[in-house]
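J.: Chains A and B are the protein sequences, given in the same order.
Each step along the first sequence adds one to the number in this note's numbering, with nothing skipped, and position 321 is 318.
Each step along the second sequence adds one to the number in this note's numbering, with nothing skipped, and position 404 is 401.
Calculated from the structure, these hints are not laboratory results.
Please note that the accuracy of each hint is not assured.
A pair holds if it fits inside one copy or across any two, identical chains being indistinguishable in the list.
Unchecked claim - Heads up, simulated SDA-like pairs for lysine to any residue below, C-alpha to C-alpha not over 20 Å straight-line:
#: 1; residue 1: Lys238; residue 2: Arg346
#: 2; residue 1: Lys365; residue 2: Glu258
#: 3; residue 1: Lys36; residue 2: Ser406
#: 4; residue 1: Lys36; residue 2: Lys354
#: 5; residue 1: Lys95; residue 2: Glu31
#: 6; residue 1: Lys238; residue 2: Pro349
For reference, the chains in residue letters:
Protein chains: 2
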Amino acid sequence: MSDTAAAQSYARSRRGATLDRLHRLLEYPTVSAEPRHAKDMNACAASLARTLGHIGLRDVRICPGRVAPVVTASWQGRREGPTVLVYGHYDVQPVEPKNAWTTEPFRPTRRGQYLYARGASDDKGQLMAHLAAIEAWLTTSGKLPVNLRLILDGEEEIGSPTLLEAVARRWPPLFADVAVVSDTWMLAPDAPVLISGLRGVLGARLEMTGPARDLHAGAFGGAVANPAEALAGLVASLHDKTGRVSISGFYENVRPLREKERLRLGRTGPSDRAMLAPAGVMNSYGEPGFSAFERAVRRPAVVVADLQTSGEGRTVVPARAGADLNIRLVDGQEPENVIRLLRRHLHSRIPPGVRGKLVIRSRCPAYKLREDTAALRAARSACRSVYGREPVLLPSGGSIPFVSALAASCPIEVLLLGFGLRDDAIHAPNERLYLPNLYRGTKVCIELYEQLGGVPIA
Amino acid sequence: MSDTAAAQSYARSRRGATLDRLHRLLEYPTVSAEPRHAKDMNACAASLARTLGHIGLRDVRICPGRVAPVVTASWQGRREGPTVLVYGHYDVQPVEPKNAWTTEPFRPTRRGQYLYARGASDDKGQLMAHLAAIEAWLTTSGKLPVNLRLILDGEEEIGSPTLLEAVARRWPPLFADVAVVSDTWMLAPDAPVLISGLRGVLGARLEMTGPARDLHAGAFGGAVANPAEALAGLVASLHDKTGRVSISGFYENVRPLREKERLRLGRTGPSDRAMLAPAGVMNSYGEPGFSAFERAVRRPAVVVADLQTSGEGRTVVPARAGADLNIRLVDGQEPENVIRLLRRHLHSRIPPGVRGKLVIRSRCPAYKLREDTAALRAARSACRSVYGREPVLLPSGGSIPFVSALAASCPIEVLLLGFGLRDDAIHAPNERLYLPNLYRGTKVCIELYEQLGGVPIA
């Protein structure tokens, strides 16, 4: 039996234990955006650190971040071999609206082939495939085919504000030859996807303030400027009637979609129907002249993610109103430039009687994979051996701030090979993981580490 | 010592006990808009019923309402005298944003001459003046100068949906000669106001729905219609750039503001500065051509009281977004007609890819006092004797649904004589009552009952 076959056989025999471990990991309510979960973040990090030691990794560390620690570990055994950076994140999105969940978000529940819990797919379930693969290699062979550096981020969902610095301090100067990230999706359980690009993201909050306090809607309504009404006007000004972004200059530096790329996206990407039906959407809507998939992966967008006021259901003229803007950027768009354009757009439109403030919470540029590299060939080969087919190269509309930052800071190859499905309901109620993807994902990781062992050192 | 003087003297000696009773009343979190407080509503009603029996009223009843009971009681002693209906409400507005409160909203706290608590001014503190006056009369003389019917509403803040029916069942057919309501404001502690009109109100909720669930903002942003963006567009369409309501026909039947009335409002009503400074507002904003006070009391308004989405802080394309609209109506505007105009306005503006729904939660027309009646003369006389001056007749921008309903159903006179101040922060954090107003309000009520004893029977 080859080393790989032994690792595969071991992983298969440990599926129950891996699933138990995932259950326990999902029980931590690791919502990085909510300060009240600081204790849970620390407890989860401590538990992960114990797991990493247990599966045989060394030099396990818990490094403080802005709101949650990053857990790192390594395995250094091949003096001549390449170093692979594996990245995952254990923080999750908030669970609201909580009453839309069929079962408790932090009490993982199995129904059929699915495991339901916040973080089941994004990203605890996917990072677990790597931990299972590492354990299989280290238990059966006592070594890994590559030198490995593992990063488990606790701040991905809030833009990983300090991670790159922390990692650069931990492993200077150039800290890996290849990075592997499993935090993306497949077209189907047997149709792997290697992500060829990610959109960048600008997380911004527009805050309007008016009266010093909430005012009785009867006593003051109609006589004072209302920040909720002003906010609605500003938010409405961000798009024209067709759904195109109205911010002057927004599309200026966007790399155009060439006919060849368009044909490829049309052939390999999902149809409007395939993409939208699971989301309960009949027709795509947005910038005219593009398919739903093109809009989502190759065109920028200004998404109004939330609106709130200080009124909170009372009959008042609210003192404050706010909008969460989530701006997705594509190749060619500089975050700083888009912030400047947005500020200019808003500034000229603030009505009298209210004050406006734009707070930038996170920013990262788009990411684009270099094609035809040794790392990419290794990923293709791993997929061939597990799925019997090569991965489709497709861009994703999502963003992974650390990947963009990593790619911008050094010439590292980043393999984005994920095990989620597009109907996993990530960021939404009833998030789930298709369990066969966890097991097959583990298999791919075992094979991928083996294949990456042959990648030349940078 | 006259009967009135004895009652006044007794009330003065009982100030401490009255304040204790108010403290206990304020401790019940009687938020009628929040179903989780159903038990508190019942407990508060039961406690009030005990108090009413204790102060000497008879025929105390707790009648179930839609979400909270109404407590009624009466005193029937003057076969030839007029019947006075006294109305107050024990339900309160929600306390959000809770962290803006200096002290707990349901733990009444005294600071200087003020008592801070939700409901301190609106309306528990004001109704307490009536209970103290009733107690003083019944204890000292064993009778009241009028036949009294008392209504303590538990659903005022949600529009008193069933109260009129309940009361009509309780006391058919015409149930009083005069009504007295203390749920309004004074210009200053020594400047009483008799409200000459109330605005009507339409409580409506605009709900937009899009995708079947919240969608990841990266995976779908830019490719699907966003209900939050659609909502912002619709909300923004309700006003033009000057702050005037843009709903076609909205101002059509509004009774115009004549020069004479305008002069009177200018002379007796607050200046822009006096009205807005306590609210932390520099300049009035709204329909052009009117002062702040005119806008608030004599012109209709569409107030956006709150905005929400199902996103609640996550980075998603939200599945749902909603706006609470609080529309204030004036003399001449029919609620049903305004609903029709609003529906037509919204219907023609809903963008593709989302669905819109308008839910009407409450409605009542404006109310206008008939001037120069015996009841009005009684109120003037009571104010002269307590404050040394007559009350100023002023319209209010607020709405009391039961008053509008009452006035529409029978030719009863309604005296709106309140003890709140315009900076009591009602409906807002840190609501308070100026305690001298409670004591002087009690004095006015004692005197007013006496004066109303001479009003002819309808």
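J.: At most 20 Å between C-alpha atoms: does Lys36 with Lys354 qualify within a copy, between copies, both, or neither?
T.: Neither: 31 Å inside a chain and 42 Å across chains, both beyond 20 Å.
J.: Are the CA atoms of Lys238 and Arg346 at most 20 Å apart within a copy, between copies, both, or neither?
T.: both (18 Å within a copy, 10 Å between copies)
J.: Which holds for Lys95 with Glu31 at a C-alpha limit of 20 Å: within a copy, between copies, both or neither?
T.: Answer is both: 15 Å inside a copy and 17 Å across each meet the 20 Å cutoff.
J.: For Lys365 and Glu258, with the copy left unspecified, which applies at a CA distance of at most 20 Å: within, between, both, or neither?
T.: Result: close within a single copy only, 14 Å intra versus 70 Å inter.
J.: Is the C-alpha distance from Lys238 to Pro349 at most 20 Å within one copy, between copies, in both cases, or in neither?
T.: Answer is between; shortest inter-copy Cα gap is 10 Å, intra-copy 25 Å.
J.: At most 20 Å between C-alpha atoms: does Lys36 with Ser406 qualify within a copy, between copies, both, or neither?
T.: Neither, since 32 Å and 60 Å both go past 20 Å.
Hints 3, 4 from the list above are not met by this structure, while the remaining hints are.
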